[in-house]
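Which chain is which? The protein sequence lines are W and B, in order.
The first sequence runs 1 to 60 under my numbering.
The second sequence runs 1 to 135 under my numbering.
Simulated from the structure, these hints should not be mistaken for laboratory data.
Each residue gets a CB set at the ideal place from its N, CA and C atoms; glycine is no exception.
Any given hint could turn out to be false.
[To be verified] Away from chain W, derived, C-beta distances all over 10 Å, residues of chain B:
#, residue
1, Lys46
2, Glu108
3, Thr114
4, Thr120
[Claimed, not checked] In silico contact screen, one side only, chain B against chain W (beta carbon under 7 Å); selected entries:
#, residue
5, Val17
6, Asn82
7, Thr84
8, Thr102
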Amino acid sequence: MALRIISTRIGELGAIYEPVDGINVEALIAGGFVEEVHTAGGKSAKNKNTAPDAGNNPKE
Amino acid sequence: MATSTYLSNPVITINAVDLSDQCTSATISQAFDQLENTAFGDTARKYTAGLQTNSITVELYWSTASSETYASLKSLVGTSTNITIKGSSAATSATNPLGTLTGGFLAELPVAYTLGELATVSVTFNGGTWAWSES
């Protein structure tokens, strides 16, 4: 799970924040300085809403 | 005689949050216990360094606005964090060293509300290790 900067007091807005040892990440989240973002894993999720004509439906 | 005058340039971060625009003073104390190791044969007392006793006291305006003092400090009471300070926002160098207190403990958050004055808070981070960096 990554941390994204949402306050310029930490750094550039939208940038990924990588805390150094000793930084209290929970306090940064509670204070509204960073937020947790869920990064996509190595395997993409299946899209159940894919249209049949998209050409990737294994039943076709 | 060369001196360093700090009018408005110092940069301070508490738990990585830049609070320079709320800060009016910062006092660093880097100290070691002085342990005597004088022995027979010595003609004068000698000492060696013991444990470090470091601290930094920071005076801040008490702002409860978003991303300001309250938001920065409210969750740090009773925990340890890092504090950095240097003389200016210029690159860290031998003439603009970066001081870092790693693992300073914040025991209390004593906010002062005084009639006719801006509210302030004086926070002291005790303990931890202190280091100066020139690069």
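Now the hints, each set against the structure:
no.: 1; hint: Lys46; result: holds (34 Å)
no.: 2; hint: Glu108; result: holds (16 Å)
no.: 3; hint: Thr114; result: holds (25 Å)
no.: 4; hint: Thr120; result: holds (19 Å)
no.: 5; hint: Val17; result: holds (5 Å)
no.: 6; hint: Asn82; result: holds (4 Å)
no.: 7; hint: Thr84; result: violated (10 Å)
no.: 8; hint: Thr102; result: holds (5 Å)
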